[in-house]
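Protein chains: 4
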Amino acid sequence: MRFVVGVMGPAKAKKKDLENARLLGEFIARRGWVVLTGGRDVGVMDAACEGAKRVGGSLTIGIMPTVKDKVSRHVDVPIITEMGSGRNNINVLTSHVVVACGLTGSGTVSEVALAVKAGKPVILVEASPADVAFFRRLGKRLVFTASSPEEAIDLIMKQMQVHHRRVRQAEDSRYQELSM
Amino acid sequence: MRFVVGVMGPAKAKKKDLENARLLGEFIARRGWVVLTGGRDVGVMDAACEGAKRVGGSLTIGIMPTVKDKVSRHVDVPIITEMGSGRNNINVLTSHVVVACGLTGSGTVSEVALAVKAGKPVILVEASPADVAFFRRLGKRLVFTASSPEEAIDLIMKQMQVHHRRVRQAEDSRYQELSM
Amino acid sequence: MRFVVGVMGPAKAKKKDLENARLLGEFIARRGWVVLTGGRDVGVMDAACEGAKRVGGSLTIGIMPTVKDKVSRHVDVPIITEMGSGRNNINVLTSHVVVACGLTGSGTVSEVALAVKAGKPVILVEASPADVAFFRRLGKRLVFTASSPEEAIDLIMKQMQVHHRRVRQAEDSRYQELSM
Amino acid sequence: MRFVVGVMGPAKAKKKDLENARLLGEFIARRGWVVLTGGRDVGVMDAACEGAKRVGGSLTIGIMPTVKDKVSRHVDVPIITEMGSGRNNINVLTSHVVVACGLTGSGTVSEVALAVKAGKPVILVEASPADVAFFRRLGKRLVFTASSPEEAIDLIMKQMQVHHRRVRQAEDSRYQELSM
Numbered sequence: 146m147r148f149v150v151g152v153m154g155p156a157k158a159k160k161k162d163l164e165n166a167r168l169l170g171e172f173i174a175r176r177g178w179v180v181l182t183g184g185r186d187v188g189v190m191d192a193a194c195e196g197a198k199r200v201g202g203s204l205t206i207g208i209m210p211t212v213k214d215k216v217s218r219h220v221d222v223p224i225i226t227e228m229g230s231g232r233n234n235i236n237v238l239t240s241h242v243v244v245a246c247g248l249t250g251s252g253t254v255s256e257v258a259l260a261v262k263a264g265k266p267v268i269l270v271e272a273s274p275a276d277v278a279f280f281r282r283l284g285k286r287l288v289f290t291a292s293s294p295e296e297a298i299d300l301i302m303k304q305m306q307v308h309h310r311r312v313r314q315a316e317d318s319r320y321q322e323l324s325m
Numbered sequence: 146m147r148f149v150v151g152v153m154g155p156a157k158a159k160k161k162d163l164e165n166a167r168l169l170g171e172f173i174a175r176r177g178w179v180v181l182t183g184g185r186d187v188g189v190m191d192a193a194c195e196g197a198k199r200v201g202g203s204l205t206i207g208i209m210p211t212v213k214d215k216v217s218r219h220v221d222v223p224i225i226t227e228m229g230s231g232r233n234n235i236n237v238l239t240s241h242v243v244v245a246c247g248l249t250g251s252g253t254v255s256e257v258a259l260a261v262k263a264g265k266p267v268i269l270v271e272a273s274p275a276d277v278a279f280f281r282r283l284g285k286r287l288v289f290t291a292s293s294p295e296e297a298i299d300l301i302m303k304q305m306q307v308h309h310r311r312v313r314q315a316e317d318s319r320y321q322e323l324s325m
Numbered sequence: 146m147r148f149v150v151g152v153m154g155p156a157k158a159k160k161k162d163l164e165n166a167r168l169l170g171e172f173i174a175r176r177g178w179v180v181l182t183g184g185r186d187v188g189v190m191d192a193a194c195e196g197a198k199r200v201g202g203s204l205t206i207g208i209m210p211t212v213k214d215k216v217s218r219h220v221d222v223p224i225i226t227e228m229g230s231g232r233n234n235i236n237v238l239t240s241h242v243v244v245a246c247g248l249t250g251s252g253t254v255s256e257v258a259l260a261v262k263a264g265k266p267v268i269l270v271e272a273s274p275a276d277v278a279f280f281r282r283l284g285k286r287l288v289f290t291a292s293s294p295e296e297a298i299d300l301i302m303k304q305m306q307v308h309h310r311r312v313r314q315a316e317d318s319r320y321q322e323l324s325m
Numbered sequence: 146m147r148f149v150v151g152v153m154g155p156a157k158a159k160k161k162d163l164e165n166a167r168l169l170g171e172f173i174a175r176r177g178w179v180v181l182t183g184g185r186d187v188g189v190m191d192a193a194c195e196g197a198k199r200v201g202g203s204l205t206i207g208i209m210p211t212v213k214d215k216v217s218r219h220v221d222v223p224i225i226t227e228m229g230s231g232r233n234n235i236n237v238l239t240s241h242v243v244v245a246c247g248l249t250g251s252g253t254v255s256e257v258a259l260a261v262k263a264g265k266p267v268i269l270v271e272a273s274p275a276d277v278a279f280f281r282r283l284g285k286r287l288v289f290t291a292s293s294p295e296e297a298i299d300l301i302m303k304q305m306q307v308h309h310r311r312v313r314q315a316e317d318s319r320y321q322e323l324s325m
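Chains as they are written, first to last, in our numbering: chain A, 146 to 325; chain B, 146 to 325; chain C, 146 to 325; chain D, 146 to 325.
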C-alpha cells in the first residue's frame, strides 16, 4: 500500500500558496508518495499535481466533485464521486497526512475540520496565527504548522514513521494472536 | 414543501449551548418549520429535537452518520446515510438556514464551512468574536450572529422571507415563459 | 420514530405502475406511515407522493439526487444529497420496507439490489416471473411479490410487525442488561 | 489521464469467477491500464488486484466501503469512502469500462445497474443467458458479453478506442472554438 499525502487549498489561491503547493507536490512525489487533491484544474489542486508530475513515475489522484468538473491535466487517476463538496470527507479519509496551502476557501476549511474529526494529522503551511489558533482549539495534537514546503515535508516524514509503526504494531499483534 | 432549519452543534456541548438548542428547537417547531439535525442521541442534535417535540405536530429529521449510531428518541424520521461525517454536506444542503449552537466541535465547524460553500445563510448563536471573524472572512454576506435563540428566530424569519421571495420570482419567470 | 416505506420505480413508468404507485402512496399514508421516494417530479416517485398527499396529515420525503433536479410538488421535505445515483443507497437504508413498482429502469434495479444487500425486505408489485426469479436468487427471504397495491400493504403490515418485534426485543435485552 | 477498468464481482465467488478475475487483472495491467475494484481482501476484488500485481509497474485502486474493512494486500491505493455500498456508484463512475465476473452478489448487480444508469459500457464474463437478458433489457447498447478474459480484453480495447475518439473530438471542438 502506498503512502498518500493530501494537498488541500483554495481554487482561487494566492500566488504564494500556489508556489508552495507546486513545490510540495514535487517534494512529495520525489519521496515516492502519492499526491491526492480535489482534482480540478484550478488553484492549489492543480498546482500540487503539476509539481508532482515534474517527477518521473509520480502518481497523482484527484477526487472529483462531479462528472462535469474539468480534471486537471496533471491528474493521473480522477476518482469520480458525483458528490460535490461531500467528496471532501473522502479526500481526508484517504490521505495519511493532510497539508493545507491557504485557508481562504470554505472548502479547505471544511477539509481541515473533517481531517481533525477523522483523527488525521494536518499541516498548515504559512497559516496566520489566528487560523492556527482556531484549528488548534479543535484538535491540539493533530494540527501542525510549517513555514515552508521543506518544513512540511519534514513533518510528513515524521507522521509517516508514526503511521508505519502503527501498521507494524497492528500486524505484530495479529501475528502473535495467530501464533498463540 | 416545508421550510427546514438545521440546528448544528457539538456532541459534547456546553450547558448553555444545549439550552439554546432546546429553545431553538421549540421556537422553530412553533412556527411550523422542520427541525433538522445530525440525528444522534447526544449534545446539540438531541437537545434541538427534544425542544421541537415539546410542540404538538412538530417534525424532526435526523441525518444519521451510520446504521449503528443511536438515534435520538426525539427524531421522527432518521435518514440513514451510512456516510459518517460525509453526511455533514447533506445536513447543510437540505437546510434552508443553518444555526450553529457552539463551535467547539470539528464536525460543526465543517458544517458551517460547507454551508458557506453551498451559499446557505448561517446563524452563529453566542459565538466568540474570534470565531465570528473566522467565518465572516469565508462568507461575509452569509454569516449572521445572534446573542439569543429569540434573536436567531428573528434572523431565520428574515431568511425565510428572502427564500420565499426567490421561489416566487422563479415561479413567476417560469409562468411568464409559459404564457409568452 | 415513524415507520418509513420507500416506493421505488422508474422515471419513465408504464401507466399501470404509476397507478399502483399512486394507490400505494395513498394506502401507506392512510396507515400513518411515511412515504419515501427519489423525490423528483416524474414517474413513480411523483405518483407515490401524489397519492400520499390525498391523505390529510401525510408526510412525504424525497431523497433528491442533486440541487438542480426539480422536486415533486407532492414532496414535503426534500433531502438534498447532491450524490446523483449514489443517493439510491440512502433511499433503501432509510426505508423499513422497499416497494418496487416497475423494474424497467436501471436505477430501480440498483435500489432493489442495494435493499437486498442491506437486508431490507423488498416487495415487487406486478413483477414478471423472470424479474422475480432474478432477485429471489440474490436474497430469497427478503424478496416478496404482490399482485396489487392492496396485497403489498398486507405484506408491509407483516414486515412492520417483524420490525417492531425486533425493536422491542432489542430494548428488552438492553433493559435486562441495565437491571442486572 | 490513465485508462481505468473496473473489475466487479462477488465477495463469495465461484472458483471460475476468481480465476477469470485474476487473469483479467493481469491482462489489464499488462496493457498499462489501471485496475479498479471494491478494494476488500476477498473474492473477485482481491483476485483481480492479485492478478494485476503479477505485472511490474501495475496500478491497483480499491474503493473501500469503510475505514474498518480490510484492504486487499494487492491494492496500491485504497480510497476510503466511508460510504458502505454507497461507494458502488463511485466504482462505476470512475471506471471507463466495467467488467463483471460473476453476478451472484447483490452488490455486483447494483454496480452493473448503476453502470448502465451512468452510460458506462459493461462486459459480463461467462454470464447466464437469463442474466444477460435481464441487463440487456436495461441498456441494450451498453451491455456486452464475453466467454473468456481474453474476449473481455478485446471488448475493452474497442471501448478504449471509442473513449479516446470521444476525448479527441471534444478537444478538437474546443480547439476550433478557441481558434474562431
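Hints listed in this document are in silico derivations from the structure and should not be mistaken for laboratory results.
One or more of the hints may lead you astray.
Identical copies carry no separate label here, and so any pair may be met within one copy or between two of them.
[Stated by the list, open to error] Keeping only pairs whose Cα atoms sit at most 25 Å apart, straight-line, the calculated SDA-like set for lysine to any residue is: (1) K198 with S293; (2) K160 with A278; (3) K198 with D186; (4) K215 with D276; (5) K213 with Q314; (6) K303 with M146; (7) K161 with H308; (8) K157 with A278.
Treating 25 Å as the Cα threshold, decide for K160 and A278: within, between, both or neither. Both: 24 Å inside a chain and 24 Å across chains, each within 25 Å.
Within, between, both or neither, where K303 and M146 count as close if Cα-Cα is 25 Å or less: Within one copy only: 18 Å inside a chain, 31 Å across chains, cut-off 25 Å.
Should K157 paired with A278 be assigned to within, between, both, or neither, using CA atoms and 25 Å as the limit? both (23 Å within a copy, 20 Å between copies)
Between K161 and H308, at a C-alpha cutoff of 25 Å, which is it: within one copy, between copies, both, or neither? neither (30 Å within a copy, 38 Å between copies)
Have a look at K198 and D186 and pick one of within, between, both or neither, based on CA distance no larger than 25 Å. Close inside one copy (14 Å), not across copies (31 Å); limit 25 Å.
At most 25 Å between CA atoms: does that hold for K213 and Q314 within a copy, between copies, both, or neither? Intra 43 Å, inter 16 Å, cutoff 25 Å: inter-copy only.
Measure nothing new, just compare the shortest in-copy and cross-copy C-alpha distances for K215 and D276 to 25 Å and report within, between, both or neither. neither (30 Å within a copy, 34 Å between copies)
How do K198 and S293 come out at 25 Å by Cα distance, when the copy is not named: within, between, both, or neither? within (20 Å within a copy, 37 Å between copies)
When each numbered hint is compared with the structure, violations occur for hints 4 and 7.
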